[in-house]
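Chain order of the listed sequences is R and V.
Note that the working numbering numbers the first sequence so that position 231 is 236, with each residue one more than the last.
Note that the working numbering numbers the second sequence so that position 152 is 1458, with each residue one more than the last.
Treat the hints with caution; some may be incorrect.
With a cut-off of at most 25 Å between alpha-carbon atoms, the simulated DMTMM-like pairs for lysine to aspartate or glutamate come out as follows [said to hold, decoys possible]:
{"#": "1", "chain 1": "V", "residue 1": "LYS1380", "chain 2": "R", "residue 2": "GLU82"}
{"#": "2", "chain 1": "V", "residue 1": "LYS1380", "chain 2": "R", "residue 2": "GLU173"}
{"#": "3", "chain 1": "R", "residue 1": "LYS266", "chain 2": "V", "residue 2": "ASP1384"}
{"#": "4", "chain 1": "R", "residue 1": "LYS171", "chain 2": "V", "residue 2": "ASP1442"}
If you are wondering where the hints come from, they were derived from the structure by calculation, not from laboratory data.
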Amino acid sequence: MLDDFLIRAALAGVGVALAAAPLGCFLVWRRMAYFGDATAHAALLGVALAFAFQLSIFAGVLVVCLAMAMVVSALSERGLGIDTFLGVMAHSALAFGLVAISLQQGVRIDLQAYLFGDILAVGRGDLGVIWGGAALVIVLLGIRWQALLTVTLSPELAQAAGLSPKREQLILTLALAATVAVAIKVVGALLIIALMLIPAAAARPFSNSPERMVMVAAAIGAASAVIGLWLSYLYDTPTGPSIVCVAATAFATSTVIAGIKSRN
Amino acid sequence: MSLIETQNLSIEQAGTTVLHHVNFRIDRGEIVTIVGPNGSGKTSFLKALIGALPAAQGQVTRAAGLRIGYVPQKLHVDRTLPMTVARFLSMPRRHPAEEMRQALTEAGVSELETRQMTDLSGGQFQRVLLARAILDKPDILILDEATQGLDQPGSAAFYRQIEQVRNDLGCAVLMVSHELHVVMSASDRVICLNGHVCCEGHPEIVASAPEYRALFGTGTQGALALYRHEHSHSHDHNHDHNHDHDHDDGETHAHHNHPKDQKESA
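Can you make the complete structure from the sequences, with help from the hints?
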């Protein structure tokens, strides 16, 4: 069954969507969308690093994204104008990544694949990495769920209960970097955060608890992956962007429904 | 052993020392109130006690395994975060539905479990925060301006609730407030803070201390009348003890010499 590239692509998309759901919810709740962008855009630098030192793409991206996320959260704690600062970091990371990749001698790198993903080229090995990484992220967030939620709600309440906001922030950062590393093959560095944010935002009107929001986001994300893949096959459009377009349509629909519901 | 103790604690924020050399302790079952003008370091002090702010100097000692019930000054629940009252009460530890119902009743708001946190009124929200704080059977309740946004009768009722909770749980209560008259009438001890400890002791002592008068004026005398009326008889035995303590404590008096401008900038 795994011989069919479409099946592999669908499984890869669903795997990423499942890990992206809880993470996307935290990005929404903690207002960290730009933080996510800065981290994800650094992934291209990771790709360049992986080629330069002959590492696996996964390892290169993981290391660079983690480093980027930690630098950004450390510097933003010092009170630099956070919005501007994150914008600077996100776009510079992207620019430096593009330049670094073009400097690689003797290797022809399909830039398109890293910017927008190459889900149809997912092999069995990739599938193993994606599901392994996604499972790791889900287990990690599941174990720390209560603590992460408390810190998200109020760092001081968490502190008074004996939790460490710094440690929980680090766990989120680690999960974010790992998800970017496994998802780059599926949707590419430019659209990873979209696959986290949009299903979570679309899930909000249909949720009365954080857990339900994660479940609904996961369902919307997985459905977007499968439908987007199908549409891209049907109309010969790029797959990563097609998936994000479906998710965005789900968000628009959910917003309209929420608007109608609140008027009644 | 006291629940929380600080020795020579100084706190810095953004490079400025906001609190100087505070020696403080609170014991089981005590109600202690911290008063002080805006920007006097009250909130920073509480944050240092729960460990959310590091000590720039000196140290904070918490009793081993101390359970803290913290009620923050305000808590913003983002509209993107769906959260019912019951779910909120379960953070970070889950509790049986029956205990949650009871805690809400004790805090003076029953039947709110299924409401969204973002739909609560200010008074309901503060009481839910209180319910969450008492669910863990804390050794000490720490309240930071917990009645902000409540009207006078509302906050009076809130503080009566606190006293009730203290009587039920036997926990210590440490609170910050600028509603002097309400708070002081319920306190065993008052600490007047303005960048450092200006004066401390039994409410009556503090209210007549020149340092306190300098900060709050004499307009609070009426509040003290209320205090005397309600409580003076029952706490007489504390009076001498606290009075002596206040004057024996060289550390407290050592800071009376701070130049006034420094106090205000702190």
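The hints, checked one at a time:
1. V:LYS1380 <-> R:GLU82: holds (21 Å)
2. V:LYS1380 <-> R:GLU173: Between V:LYS1380 and R:GLU173 the Cα gap is close to 22 Å, so the pair holds against 25 Å.
3. R:LYS266 <-> V:ASP1384: holds (20 Å)
4. R:LYS171 <-> V:ASP1442: holds (23 Å)
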